[in-house]
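Chemist: Top line first, the protein sequences correspond to chains B and D. Note that the numbering used here has the first sequence beginning at 1, numbered continuously upward. Note that the numbering used here has the second sequence beginning at 247, numbered continuously upward.
Because the hints were derived from the structure by calculation, they are not lab data. Bear in mind that the values here come from a model prediction, so they are computed numbers and not experimental data. The C-beta atom is built at its ideal place from N, Cα and C for all residues, glycine as well. Some hints here could point you the wrong way.
Stated by the list, open to error - Just some of the chain D residues that point at chain B, by a computed CB distance under 8 Å:
(1) Ala255
(2) Asp257
(3) Asp332
(4) Gln340
(5) Phe345
(6) His349
(7) Arg371
(8) Tyr373
(9) Thr377
(10) Pro459
Unchecked claim - Reference listing, derived: stretches of chain D covered by chain B, where coverage requires no fewer than 3 residues with Cβ under 8 Å from a Cβ of chain B:
(11) 317–331
(12) 415–421
Each chain, letter by letter, is given below.
There are 2 protein chains.
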Amino acid sequence: MKRVKLVVAYDGTAYHGWQLQPGVPTIEGELNRSLRELLQEEIQVMGASRTDCGVHALCNVAVFDTNTRIPAEKISYALNQKLPEDIRIQSSVQVPDYFHPRHCASKKTYEYRILNCPFPIPTKRLYAHFTYVPLDVEKMAQAAEFLVGEHDFKSFCAAAAVVESTVRRIYELSVEKEGSEIVIRVQGNGFLYNMVRIIAGTLMEVGRGNLEPEKVREILDAKDRQAAGPTAPACGLTLVKYEFEV
Amino acid sequence: MKRVKLVVAYDGTAYHGWQLQPGVPTIEGELNRSLRELLQEEIQVMGASRTDCGVHALCNVAVFDTNTRIPAEKISYALNQKLPEDIRIQSSVQVPDYFHPRHCASKKTYEYRILNCPFPIPTKRLYAHFTYVPLDVEKMAQAAEFLVGEHDFKSFCAAAAVVESTVRRIYELSVEKEGSEIVIRVQGNGFLYNMVRIIAGTLMEVGRGNLEPEKVREILDAKDRQAAGPTAPACGLTLVKYEFEV
């Protein structure tokens, strides 16, 4: 038996998120199905980040155990032949048996892209949230600074979520203009349910002038989802980097 | 009667190109249909660039005549309500009655994107051609220089095309690395049928080491489609800029 770690890139447009659900296409479901086809074993992958419906990834991580004699590094090539073209394995390597993607310290980086120009650009529509209201990038960057560090992010967690602790650490949070896009880039040791999208929605409120940047400190202190801005749409969000401290 | 010029952006993935064809979705067909719905007149747009099946545009141009009382500048907003989300008008302005997008001097800029890394990235698959064979960008750029200027591009024109002259002028042709993508950017006073895709296919042969950069001069001199490289796939091509000298 060996444990194999897959790095998985996908376009989330056509999927109901990562997590297996009966009757609808999910990333986890596609991975299990194609691994079963390839390895002729029942496989259940363990995912690192359960991305939502419509969210994209360059590098999500899945781990599974197998008795196959196929060398771990070759599995990526063979699996890509079985997967639909909107899911592509970037690498497959053997890892120690104790490695579990959700039980070891990690740093994740997400990008949230906003297309901010007078009219939507069709070739960007699946990977950036469009708004024609001009956003003040400098004010958004000022507001972002209040979120860096270790905080209780309860205000930035979907109200329905049940978690032991809502304390997380953000290492970096930048807001930058790239042509007609605004890119919010956030690196942290973990994120609560909808946390990045609520941060994006709140920073957009600041960018529109509806909230002063300093207000973000008060929103943190409130520890109340109602205090923060709306949850920004899923299509703008991409998991771009995943580092494990093993 | 007034003449209106539309700047049109589209994701070409779902269309059989610009030009009207019975029974299949085309950009021209969608524009005529939605203008008819909006203006309650029979409208036939005149397109500037008849892009191929699967090719994208940020700024193709269409012109039409109308008796509507809707101010020209307002048409863009109203038309976007009628169009599918993979076609979006970027601007609508009144132009002189003599303006015809194919009969006046213009400069067009195309980008051809190649995703060059070990595995395909799903979120790029519709807008860049993927190859895992490492390409030598410097050699591609050297080869590109031979194509700049006024030349007979007969070798870079689809063999079946019938045109009066195959002489065109390329003002600029650059090959640059952008992360894992290679971007071929070409500006010219006009392009023959498949010309940019044949240039891209030929430069890729140079990048792979199958052709020396200097060979491109001989290919030009041959005035024979057989001498050049293959036609690169449509998905990598986007019309990014269109300037008229009116």
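Chemist: Run every hint past the structure and note whether it holds.
Modeler: Taking the hints in turn, this is what the structure says about them:
Hint status for Ala255/D: holds, given a least beta-carbon distance of 5 Å to chain B, under 8 Å. A hinted interface residue such as Asp257/D counts as satisfied when its beta carbon comes closer than 8 Å to some beta carbon of chain B; here the least separation is about 4 Å, so the hint holds. The interface hint given for Asp332/D holds, since its Cβ lies 5 Å from the closest Cβ of chain B, which is under the 8 Å cut-off. With a cut of 8 Å, the hint placing Gln340/D at the interface with chain B is violated, because the nearest CB-to-CB distance is about 18 Å.
At about 22 Å, the closest approach between the beta carbon of Phe345/D and any beta carbon in chain B exceeds 8 Å, and the interface hint on this residue is violated. Taking 8 Å as the C-beta cut-off, the interface hint given for His349/D is violated, the closest approach to chain B being about 27 Å. Evaluation of the Arg371/D hint against chain B yields a held restraint, the C-beta minimum of about 6 Å falling below 8 Å. For Tyr373/D, the interface hint holds, the least distance from its beta-carbon to any beta-carbon of chain B being 6 Å, beneath 8 Å.
The interface hint given for Thr377/D is violated, since its Cβ lies 14 Å from the closest Cβ of chain B, which is over the 8 Å cut-off. With a least beta-carbon distance of about 31 Å to chain B, the hint placing Pro459/D at the interface is violated under the 8 Å criterion. Residues of the segment 317–331 of chain D lying with their CB closer than 8 Å to a CB of chain B number 3, which satisfies the three-residue condition for coverage. Check result for the segment 415–421 of chain D against chain B: violated, 0 residues qualifying (beta carbon to beta carbon below 8 Å, three or more required).
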